[in-house]
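Build out the structure end to end from the sequences listed, making use of the hints.
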Amino acid sequence: MEKIFKTEKELSVYPTLRSSIHHESDIYIPDENNLYKILLHGNRLTREGTVERLSLYDNPDCVTPNGIIYTPQYDFLGFRMTYLKDYVPSTKLIFSKSMSYKDKLKYARKIAVAIERLGKDGIVFWDIHPDNNMINKNGDIKIVDMDSVR
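Quick note: the sequence shown uses the numbering used here, first residue 1, plus one each step.
Watch out, some of these pointers could steer you wrong.
[Stated by the list, open to error] DSS-like mimics (lysine-lysine), calculated; alpha carbons at most 30 angstroms apart, straight line:
1. Lys-142 with Lys-120
2. Lys-102 with Lys-85
3. Lys-85 with Lys-137
Source of the hints: derived by calculation from the structure; they are not laboratory data. Quick caveat, the model's predicted, so the values are computed rather than measured.
Spelled out as structure tokens, the structure:
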């Protein structure tokens, strides 16, 4: 996994992701293909190993870390992941009136199957809520925000 070295001051020049709620981190958009998830201080101590292990997990339904971010002094800050700019949180679709019940059920099943696979792969993912399930216009789903898994 690529190691990225940034100061927190360097990170502050990037725009932040405001379209979702996140309490454990700040999410920066360094370019059109990536996000930087910078953990708040209390979460940095426990997540580095999880981020490293997640980068090795191969599941097409999940967005996993593809870079690890450190300060120049080698203090763990967070990680880089793919920016799903063509996806929206499932909340926006599943709770909308524009989608049929049949389509909502189809997406719910896809998400359930993806989460079930995590369990079969030995991963416990408890941060399950509609903002951590992303859907694109082609019906593809992705599970995100996985850095607190066990």
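Quick rundown of the hints versus the structure:
1. Lys-142 with Lys-120: Given pair Lys-142, Lys-120 holds - Cα atoms ~17 angstroms apart, limit 30 angstroms.
2. Lys-102 with Lys-85: holds, 25 angstroms
3. Lys-85 with Lys-137: holds, 11 angstroms
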